[in-house]
Every structure is written in structure tokens, then in C-alpha cells.
Amino acid sequence: MDHSPASPLHLLIVDDDPQIRSMLAEYLSTFGIEADGAEGGAAMRAAMATRDYDLVVLDLSLRGENGLTLCREIRERSDLPVIMLTARTELADRVVGLEVGADDYVTKPFEMRELVARIHTVLRRARGGGVKRPAAAGGHELRFGNWRLNTTLRQLVDGEDTVVPLSNAEFRLLLAFIEHPNRVLDRELLINQARGRDLDVFDRSIDLLVSRLRQKLRDDPRDPTLIRTVRGEGYVFTGAVEA
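Numbering (the numbering used here), first residue to last: 1 to 243.
Please keep in mind that the hints were generated in silico from the structure rather than gathered at the bench.
Keep in mind that the hints are not guaranteed to be accurate.
Claimed, not checked - SDA-like mimics (lysine to any residue), calculated; alpha carbons at most 25 angstroms apart, straight line: (1) LYS108 x ARG63; (2) LYS216 x LEU123; (3) LYS108 x ALA87; (4) LYS108 x ARG124; (5) LYS108 x THR121; (6) LYS216 x ALA126; (7) LYS216 x ASN182; (8) LYS108 x SER29; (9) LYS216 x TRP147; (10) LYS216 x GLU73; (11) LYS108 x GLY40; (12) LYS108 x SER22; (13) LYS216 x THR69.
Between the sequences and the hints, there should be enough to build the whole structure, so can you do that?
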């Protein structure tokens, strides 16, 4: 959804605590951000069916369907940015959230101004630093096998012209591989490429990101043909890349 400078952002807050939904919506409104609330999965789907949103703020520990399940569902259907709220600080929870496609994390308790800053940062990344472009033809494309990666629109397209949604971290990781074909890339380099400006990416989460990227590319993890593991060193992209 494109915005003129005066047009407000539209966010969806998915949290089963009505006080948190109300507090966040009221605070965000002081920054010109409109926010709707949803208490769970059913309300989230109903809201998204009737309105286009720029970003979803999603609580991890929801009653019923948890935030990870809903984040995975969002990511399977679109590239809508997702910021997860969590009271958990364990590394494993953040890694799993990254694996299912979250764009960023904010750990409770948090400063409200920090959330606003992260919202704007994630949206800048999602829009390539400017206004979000519609999913249409055009832009610079890199081809490998039956795949096309449009680096302008940030879209991965298969041989049947179907767009495969990528999270921001997945896009940056795939672009790093494509820009360095047939070269072993170590984890440190891939971490720096995938994390973006503010997103935390950890050593083991790179393995999870690669696994998720292989799934998107339909690359058999038992015998991958595009992204191969080099034991003790990192990964190598073996696809033939054409501009």
C-alpha cells in the first residue's frame, strides 16, 4: 500500500491483553500511526480480510494459536512485515521467531519509543528505503535455474511466475549468495549480510535461515543443488546466475 507523506501508517496489533492493545494504539496515534487491535488468530484474519496493513505487531505468547503459528501463517501468504513482542528472553525463542519469518523482536518490558523506532526501521527495510512499490513488472532481476530474484521489488519468482514471499532476512541472505556464486561464505559474513540495520541474527540462526531458504527454493536439504554446506566453513551457492 503506497502512502503520501501525509497519509498515516496502518498497523495491526495482535495481543490478547486489551490494555496493551489500547495503550499501544493510543501511543502510536501520537506519531500519526493508526492501529487496530486483534485479540487472537481469528480476529487477526478478520481484520486482514477487510483492510490492508503496513505492519503487524504480534505477541508471541497468545492464548490459543501462539504468535509463532500466526507469524508463519502471515509469512506463507505475504511479505507483510512482522514485529514480535515477547516476554521471553531465551535465545531459542528469538531464533525460532526468526526462522518462521519475523522481521524484528521487541522484548517486554520495552520503551514505547523503541517500538516506534523499530517500526520505522523495519518499514524502511521492507520498502527499500522509500515508498513500497507495488508487485508489478520491472526492476532489476537476477536469474538462476527456474528462479528470478527481483532486487528492486524484493520478490522471488518461480518458473510459473508465482511470487514466493521472503522475509527481509531471507531476501538479504539470498542476495548475498547470488552476488557471490561458487564461493564459500562463512557464517560471520552471512550474519552481517542477513541482520540488516537493527535485526539480531545469531550464529546458529544462520543455519535455520539457510534451511528456510532451501525450503522456499525447493532445494532438497539431503541433497541440495543450490545451497551446499561446506562442513566447518560455511555455505556455497552453486546456481548459475544471469542478470
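Hints, one by one, checked against the model:
1. The suggested pairing of LYS108 with ARG63 holds, with an alpha-carbon distance near 17 angstroms, which does not exceed 25 angstroms.
2. Proposed proximity of LYS216 and LEU123 is supported: the alpha carbons are some 23 angstroms apart, at most 25 angstroms.
3. With a C-alpha separation of about 5 angstroms, the suggested pair LYS108 and ALA87 falls inside the 25 angstroms cut-off, and the hint holds.
4. A distance of roughly 23 angstroms separates the Cα atoms of LYS108 and ARG124; the hinted pair therefore holds under the 25 angstroms criterion.
5. With a C-alpha separation of about 19 angstroms, the suggested pairing of LYS108 with THR121 holds against the 25 angstroms cut-off.
6. Under the criterion of a C-alpha separation no larger than 25 angstroms, the hint pairing LYS216 with ALA126 is consistent with the structure, at around 19 angstroms.
7. A distance of roughly 20 angstroms separates the Cα atoms of LYS216 and ASN182; the hinted pair therefore holds under the 25 angstroms criterion.
8. Restraint check: the Cα-Cα separation between LYS108 and SER29 comes to about 20 angstroms, which is no more than 25 angstroms; the hinted pair holds.
9. Only pairs whose Cα atoms come within 25 angstroms are accepted, and LYS216 paired with TRP147 is accepted, the gap being roughly 11 angstroms.
10. Restraint check for LYS216 and GLU73: the C-alpha separation of about 14 angstroms stays at or below 25 angstroms, so the hint holds.
11. For the hint linking LYS108 to GLY40, the alpha-carbon distance of about 18 angstroms falls within 25 angstroms, and the restraint holds.
12. Distance restraint check for LYS108 and SER22: the Cα-Cα separation of roughly 16 angstroms lies within the 25 angstroms cut-off, and the hinted pair is therefore satisfied.
13. A C-alpha spacing of about 18 angstroms is found between LYS216 and THR69, which places the hinted pair at or below 25 angstroms, so the restraint holds.
Hint violations for this structure: none, all hints satisfied.
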